[in-house]
Amino acid sequence: MSPTPTTSPRRVVVTGIGATTPVGGTAPETWEAILAGRSGVRPLTQEWVAEHELPVTFAGQLHTSPADVLTKVEVRRNDPAGQYALIAAREAWADAGRPEVEPERLGVAMGSGIGGVWTLLDQWEVLRTRGPRRVFPLTVPMLMPNGPAAAVSLDLGARAGAHCPVSACASGAEGMGLALQMIRSGRADVMVAGGTEAAIHPLPIAAFAAMTALSGRNDAPERASRPYDVDRDGFVLGEGAGVFVLEAEEHALARGATIYAELAGVGMSSDAYHITAGEPEGAGAARAMEEAVSDAGLAMTDILHVNAHATSTPVGDLAETRAIHRAFGAHTANLAVTATKSMTGHLLGAAGALEAVLTALTLHDRRIPATINLDNRDPEIDLDVVTGGPRSLPEGDVAAINNSFGFGGVNVALALKTYR
Amino acid sequence: MALSEQEILEGLAEIVNEETGLEPEEVQMDKSFTEDLDIDSLSMMTIVVNAEDKFGVRIPDDEVKNLTHVRDAVTYIANNQG
Numbered sequence: 338m339s340p341t342p343t344t345s346p347r348r349v350v351v352t353g354i355g356a357t358t359p360v361g362g363t364a365p366e367t368w369e370a371i372l373a374g375r376s377g378v379r380p381l382t383q384e385w386v387a388e389h390e391l392p393v394t395f396a397g398q399l400h401t402s403p404a405d406v407l408t409k410v411e412v413r414r415n416d417p418a419g420q421y422a423l424i425a426a427r428e429a430w431a432d433a434g435r436p437e438v439e440p441e442r443l444g445v446a447m448g449s450g451i452g453g454v455w456t457l458l459d460q461w462e463v464l465r466t467r468g469p470r471r472v473f474p475l476t477v478p479m480l481m482p483n484g485p486a487a488a489v490s491l492d493l494g495a496r497a498g499a500h501c502p503v504s505a506c507a508s509g510a511e512g513m514g515l516a517l518q519m520i521r522s523g524r525a526d527v528m529v530a531g532g533t534e535a536a537i538h539p540l541p542i543a544a545f546a547a548m549t550a551l552s553g554r555n556d557a558p559e560r561a562s563r564p565y566d567v568d569r570d571g572f573v574l575g576e577g578a579g580v581f582v583l584e585a586e587e588h589a590l591a592r593g594a595t596i597y598a599e600l601a602g603v604g605m606s607s608d609a610y611h612i613t614a615g616e617p618e619g620a621g622a623a624r625a626m627e628e629a630v631s632d633a634g635l636a637m638t639d640i641l642h643v644n645a646h647a648t649s650t651p652v653g654d655l656a657e658t659r660a661i662h663r664a665f666g667a668h669t670a671n672l673a674v675t676a677t678k679s680m681t682g683h684l685l686g687a688a689g690a691l692e693a694v695l696t697a698l699t700l701h702d703r704r705i706p707a708t709i710n711l712d713n714r715d716p717e718i719d720l721d722v723v724t725g726g727p728r729s730l731p732e733g734d735v736a737a738i739n740n741s742f743g744f745g746g747v748n749v750a751l752a753l754k755t756y757r
Numbered sequence: 026m027a028l029s030e031q032e033i034l035e036g037l038a039e040i041v042n043e044e045t046g047l048e049p050e051e052v053q054m055d056k057s058f059t060e061d062l063d064i065d066s067l068s069m070m071t072i073v074v075n076a077e078d079k080f081g082v083r084i085p086d087d088e089v090k091n092l093t094h095v096r097d098a099v100t101y102i103a104n105n106q107g
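Protein sequence lines correspond, in order, to chains P and X. If you use the numbering used here, the first sequence corresponds to residues 338 to 757, in order. If you use the numbering used here, the second sequence corresponds to residues 26 to 107, in order.
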């Protein structure tokens with residue numbers, strides 16, 4: 338593995354992990370389910386599915402209800418997106434051992450793709466049916482996309498900044514990347530970073546279905562998210578949050594923190610090609626991967642694992658495959674690729690954060706989780722996809738990348754390394 | 026039939042509990058909403074609106090600033106209930 342350049346400012350390490358997802362209420366529960374290959378996708382049983390005659394009747398809903406974890410008042414005063422962020426951030430903070438840090442040196446970067454859609458539409462209904470005086474006074478801070486970042490900042494007393502990258506399905510990864518840059522630039526020593534999303538609501542379902550982005554496999558929800566399979570027919574909506582506590586290496590070492598992995602680099606680019614479709618040859622996505630690896634002070638050949646964006650759409654999985662080949666060339670054959678959305682569905686603005694969490698756990702446990710539902714690989718997907726069960730990582734230093742792409746032509750790649 | 030002040034106090038305490046998580050028995054006549062119960066202006070507006078629904082009274086926005094203590098709210102509701 339290439340040495341880290343001496344010009345590199347500060348190394349940034351993962352010292353805490355939290356997640357609430359369709360397969361588990363915590364990061365360890367989620368990781369156990371992912372290693373076991375369990376799907377969190379289920380039929381939706383809410384009345385609104387039939388009421389609105391939704392064409393898609395399943396999703397990856399949270400495994401554990403926030404009402405089981407938060408107080409009644411916290412549930413009342415936060416949009417579900419904020420609730421999920423609080424749950425995952427508190428878990429990550431506790432997991433990190435509640436580091437002692439000056440409030441002015443502690444920041445938050447919590448992305449969200451859609452924001453408080455439940456609050457917005459619930460309160461619109463209140464306005465229509467009961468009038469302006471009955472609109473909940475906390476409506477605006479609940480619906481604003483930075484509401485979750487603000488809630489976490491208030492909860493932990495973080496004063497170095499409370500940021501909310503909004504870049505559709507790359508928001509969570511951008512949160513991780515922004516946090517990395519803030520620690521490197523000296524704005525903060527510790528960051529609570531990630532993404533959150535709570536968009537399993539009839540309007541986003543109808544809207545994603547209207548653009549034929551969603552799988553229509555209503556008769557077999559657990560089989561619907563099938564990245565790389567020849568019969569994939571769209572993504573499955575998921576929800577939840579994923580959070581890292583990121584720390585300057587010297588700060589983590591000084592307090593004897595447990596280190597999961599190093600967040601070594603981030604690459605970002607934009608396609609300027611189409612509002613929703615990724616550029617089909619993957620040039621922008623490839624550039625993000627190359628920049629992430631270069632930013633990490635690594636060579637492309639140091640990367641041995643890719644946690645792919647791979648949402649299970651016919652076009653998207655193929656474009657990412659082309660981008661991986663474009664970026665890695667002949668080394669592509671040495672990449673063990675996995676698509677954990679096959680189990681969780683697509684968490685939109687939380688996806689990149691959850692998958693960064695899973696990549697860090699992959700490096701820490703040295704086991705790559707398998708992609709499920711890959712029965713017949715699309716012959717155009719010429720990647721070494723991990724299937725059938727977890728695959729061990731080789732001995733020694735290992736680096737991985739995690740890709741996230743969003744509407745608007747946004748590409749974000751994160752580079753993570755084992756830490757020893 | 027008009028509610029007694031004690032019944033209004035109990036109903037108000039339930040509303041405050043729902044909004045803030047404060048235990049109902051902490052909501053006592055001589056407590057200040059802001060100083061003692063730490064209720065901010067946004068929560069106060071929600072409590073007022075919920076009290077209007079519960080007790081069938083109208084509490085104009087101009088009146089809310091006069092309701093500094095729990096007793097003020099209970100008295101206002103008692104004197105204006107429909």
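Check each hint, because a few of them may be wrong.
[Said to hold, decoys possible] What follows is a set of in silico ranges between Cβ atoms, one per label pair, in the way DEER data are often shown:
id	chain 1	residue 1	chain 2	residue 2	range
1	X	Arg96	P	Leu464	30 to 36 Å
2	X	Lys90	P	Val463	56 to 62 Å
3	P	Gly553	X	Glu77	44 to 50 Å
4	X	Asn91	P	Asp405	37 to 43 Å
5	P	Leu540	X	Glu30	42 to 48 Å
[To be verified] Here are the computed lysine to aspartate or glutamate pairs in the EDC-like style, where the Cα-Cα straight-line distance is at most 16 Å:
id	chain 1	residue 1	chain 2	residue 2
6	X	Lys90	X	Glu60
7	P	Lys409	X	Glu44
8	P	Lys409	X	Glu60
9	P	Lys409	X	Glu43
[Claimed, not checked] Far from chain X, by Cβ distances over 12 Å, these chain P residues were calculated:
id	residue
10	Glu390
11	Thr408
12	Glu411
13	Arg413
14	Glu439
15	Pro478
16	Gly553
17	Glu586
18	Gly634
19	Thr638
20	Leu672
21	Arg714
These are calculated hints, taken from the structure and not from any lab test. The beta-carbon is built from N, C-alpha and C at its ideal position, and this holds for glycine as well.
Okay, the hints, checked on the actual structure:
| no. | hint | in the structure |
| --- | --- | --- |
| 1 | X:Arg96 / P:Leu464: 30 to 36 Å | 33 Å, holds |
| 2 | X:Lys90 / P:Val463: 56 to 62 Å | 24 Å, violated |
| 3 | P:Gly553 / X:Glu77: 44 to 50 Å | 46 Å, holds |
| 4 | X:Asn91 / P:Asp405: 37 to 43 Å | 41 Å, holds |
| 5 | P:Leu540 / X:Glu30: 42 to 48 Å | 46 Å, holds |
| 6 | X:Lys90 / X:Glu60 | 14 Å, holds |
| 7 | P:Lys409 / X:Glu44 | 9 Å, holds |
| 8 | P:Lys409 / X:Glu60 | 23 Å, violated |
| 9 | P:Lys409 / X:Glu43 | 8 Å, holds |
| 10 | Glu390 | 33 Å, holds |
| 11 | Thr408 | 6 Å, violated |
| 12 | Glu411 | 8 Å, violated |
| 13 | Arg413 | 7 Å, violated |
| 14 | Glu439 | 26 Å, holds |
| 15 | Pro478 | 9 Å, violated |
| 16 | Gly553 | 41 Å, holds |
| 17 | Glu586 | 40 Å, holds |
| 18 | Gly634 | 48 Å, holds |
| 19 | Thr638 | 55 Å, holds |
| 20 | Leu672 | 50 Å, holds |
| 21 | Arg714 | 52 Å, holds |
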